[in-house]
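Q: Chain by chain, the residues:
Protein chains: 2
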Amino acid sequence: MTDSVIDQARRAKSAARRLGTVSTDIKNRALLRIADALERRADLLEDANRRDLEAARQRGTSDALLDRLALNACRIGAMAEGLREIAALPDPVGQLIDGTRRPNGLDMQRVRVPLGVIGIIYESRPNVTVDAVGLCLKSGNAAILRGGSEAIESNLALALLCSREAEQAGLPPDSVQLIETTDREAALTLMRAEGLVDVLIVRGGSALKKSVLEHARVPVLASLGGNCHTYVDASADLKMAADIAFNAKVSRPSVCNAMETLLVHSSDADRLLDCLAPRLLAAGVEIRGCDRTRAIVPQSLAATESDWETEFLSLTLAIRIVDSLDGALDHIAGYGSGHSEAIVTRDYEASQRFVQEVDAACVYVNASTRFTDGFEFGLGAEVGISTQKLHARGPIGLADLTTCKTIIRGSGQIRV
Amino acid sequence: MTDSVIDQARRAKSAARRLGTVSTDIKNRALLRIADALERRADLLEDANRRDLEAARQRGTSDALLDRLALNACRIGAMAEGLREIAALPDPVGQLIDGTRRPNGLDMQRVRVPLGVIGIIYESRPNVTVDAVGLCLKSGNAAILRGGSEAIESNLALALLCSREAEQAGLPPDSVQLIETTDREAALTLMRAEGLVDVLIVRGGSALKKSVLEHARVPVLASLGGNCHTYVDASADLKMAADIAFNAKVSRPSVCNAMETLLVHSSDADRLLDCLAPRLLAAGVEIRGCDRTRAIVPQSLAATESDWETEFLSLTLAIRIVDSLDGALDHIAGYGSGHSEAIVTRDYEASQRFVQEVDAACVYVNASTRFTDGFEFGLGAEVGISTQKLHARGPIGLADLTTCKTIIRGSGQIRV
Chain C
1 MTDSVIDQAR RAKSAARRLG TVSTDIKNRA LLRIADALER RADLLEDANR
51 RDLEAARQRG TSDALLDRLA LNACRIGAMA EGLREIAALP DPVGQLIDGT
101 RRPNGLDMQR VRVPLGVIGI IYESRPNVTV DAVGLCLKSG NAAILRGGSE
151 AIESNLALAL LCSREAEQAG LPPDSVQLIE TTDREAALTL MRAEGLVDVL
201 IVRGGSALKK SVLEHARVPV LASLGGNCHT YVDASADLKM AADIAFNAKV
251 SRPSVCNAME TLLVHSSDAD RLLDCLAPRL LAAGVEIRGC DRTRAIVPQS
301 LAATESDWET EFLSLTLAIR IVDSLDGALD HIAGYGSGHS EAIVTRDYEA
351 SQRFVQEVDA ACVYVNASTR FTDGFEFGLG AEVGISTQKL HARGPIGLAD
401 LTTCKTIIRG SGQIRV
Chain A
1 MTDSVIDQAR RAKSAARRLG TVSTDIKNRA LLRIADALER RADLLEDANR
51 RDLEAARQRG TSDALLDRLA LNACRIGAMA EGLREIAALP DPVGQLIDGT
101 RRPNGLDMQR VRVPLGVIGI IYESRPNVTV DAVGLCLKSG NAAILRGGSE
151 AIESNLALAL LCSREAEQAG LPPDSVQLIE TTDREAALTL MRAEGLVDVL
201 IVRGGSALKK SVLEHARVPV LASLGGNCHT YVDASADLKM AADIAFNAKV
251 SRPSVCNAME TLLVHSSDAD RLLDCLAPRL LAAGVEIRGC DRTRAIVPQS
301 LAATESDWET EFLSLTLAIR IVDSLDGALD HIAGYGSGHS EAIVTRDYEA
351 SQRFVQEVDA ACVYVNASTR FTDGFEFGLG AEVGISTQKL HARGPIGLAD
401 LTTCKTIIRG SGQIRV
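For the record, the sequence lines run as chains C and A.
Residue numbering for the first sequence follows the numbering used here, beginning at 1 and increasing consecutively.
Residue numbering for the second sequence follows the numbering used here, beginning at 1 and increasing consecutively.
Keep in mind that the hints were calculated from the coordinates and are not lab data.
Be careful, since some hints might not be right.
Pairs involving identical chains hold if they fit within one copy or between any two copies, as the list cannot separate such chains.
[What the hints assert, rightly or not] With a straight-line Cα cutoff of 25 Å, these simulated SDA-like cross-link-like pairs (lysine to any residue) come out:
id, residue 1, residue 2
1, Lys209, Glu39
2, Lys239, Asn104
3, Lys210, Leu188
4, Lys209, Leu188
5, Lys239, Val416
Chain C on its own, in the form it takes in the complex:
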């Protein structure tokens, strides 16, 4: 088992060596071929998916998980569309990062090159198979996929299709491989394949991420979720503040850029909450407030210490009233996860202090945290939102699936 994963990784490394020099045209052709084949072979994919769904039903899987697992013509069309969008993005490989001519005449260029071999460990949703393949191939990387056991039939069908079409478009064999065994040993082998796997991408729940971060010996790019705040400053436009807070909480509460805690300056807290709380409650939001919040919004439950720490990912909102910008900054420094933080203010100095002092991937003034997203940032498709500080921070786009190489052209220079 272990040997077979290592063997796949070796073949991926060999494929990566050739894949790094394939032209953008051929890579795009591969993505478009895969997109077309997905739609043409939708029946076959749905058949494979039905076997996963049937097995899942027999295990008593919840309806919510069955829905995540299900493929249908609409979802297959969305996967194909995603690939066409990736094909339309600029190729990061070969992009010049910077360059200079040194006094001794050496011409130096730092350019983007693929990372090499990207391992992807993911759960449930089979569409990740296709998304990951699209991003890896476009950035010139070989992909080794390791999906969850619940989607193994769907993933096998998808990966086989991707692999075949990629090869027919002219990409090296083994550019796309799926690990066919879904036991823990195979995943651990992938996580520890130092020297063969250049980076591991994790898509899935927090238990999976925790396991990968604990066991991985290869570098990991993980989206670790967001405990995002909106701080309404003393000088805020209260209508704007209420609109931004409502949007940040309610527009899509299940995602990592949604607000989890609202911080309100005490000066206008009653006016803001009088206007905002009824809207939130009407939208089904459960409010957990500090004592002062509860005095203004009697429907709110008492917030506990753990509420400040929690990424609810649901229609639950913690609210805390603070007496100063410093109080808000301290709260965010103590509880924030470094994802997205917003201030609503009309005060120039407060805005400057907030953007400078908050330590997060994305810091907003007078806008909703919900904008933290590859498409909204103009990057196109993304692999997730990094709250790590090294390599990638914020939306992880195609360029983050590359590294750099410095090319130095000379005319016989030696070092004296």
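Using the hints, position chain A against chain C.
A: Below, chain A without anything else, positioned relative to chain C:
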């Protein structure tokens, strides 16, 4: 013990929050004050160093190691000069990486910000204490230093001086801290201080690096050394090739950018080696050659498989004759460490294939690999040469001690 390291890390994190917003002027003032104090207090530093040297002598330490450990007026002056050079470099903090205005009016800027807390684990040479402090403070990071037991008295004296001068220049207390205990437990605690230490930098021998890579739970920036090649192509200017190869091997054999294996195209191998080998042998180089090399250079020993893998870091050179560019590319792909690789050629296509197909931090055409260095690249002081692919690859300069933050300024935008 463990508690005290965690306590230091907590204090560093608190210092880092303030340090990130300190002006360039104040940071430079701190570096210049430290530089002046080093020279003014040289006697005191040499006293402390003498205690380390005495203890080392009693343990029977080799002369080479004693030399690495020793501080004298000249070396102290060099440390001070290094700090003045770092002070003269541009501040990476606040530099704009990129920016755009989105169609919805959001103004987005991605700027460089400090990483936060940098842990440095190092051995022997006490000058690392000062170098690391200079680079960390200039890039707005708090530093936690953990030097080797053999230099503890010197490091204590240097760290105390740095810390005091930094604070008097206006930097937050605890911006510079030394872990005073040198047991393994303290180092392990630092390596595992997730959430407190943002990155670990390792300076030292390969055993230290291996241990850190095995045990660290926080991200590591390590210089893992180089197994560098020079390939002399069929079409090379043989005089240029000989000069470059001689320089790459002999000018400073103990460093990571020195050549370890020379690859020679078979077409002109005898002419090149007839001219080069006597120069190498006269300089004291021990040659370990493949069979064909030995036929041309009878003084050479027989190269074994392990010679191709070895970073000699000495006046030993492996030489292999290959029959094609592909033979050289395969050798480099099989044995190279991804540091610096060079081709000497007059053939355009060979140069293009080499720079595109070699997977390394730095790829040279017609120049010596010895140029891979922060100063030669125009970056100024460096923390080492990364052969990692994530975050930093090649010379690790000040900018690599920063991460990015995206600042988004709006006028009430919400996501629809």
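Q: Now tell me, hint by hint, if it's right for this structure.
A: Here is what the structure says about each hint:
In this assembly of identical chains, the alpha carbons of Lys209 and Glu39 never lie at most 25 Å apart, being 32 Å within a copy and 50 Å across copies at closest. Taking the closest pair of Cα atoms, Lys239 and Asn104 come within 25 Å of each other only across two copies (19 Å); inside a single copy the shortest separation is 61 Å, beyond that limit. When the C-alpha separation of Lys210 and Leu188 is checked against a cutoff of 25 Å, the pair qualifies both within a copy, at 13 Å, and between copies, at 20 Å. Taking the shortest alpha-carbon separations for Lys209 and Leu188, both the intra-copy value of 13 Å and the inter-copy value of 23 Å come in at or below 25 Å.
Proximity of Lys239 to Val416 under the C-alpha cut-off of 25 Å is restricted to the inter-copy arrangement: shortest distance 17 Å between copies versus 67 Å within a copy.
The structure fails to meet hint 1 from the earlier list, while all remaining hints are met.
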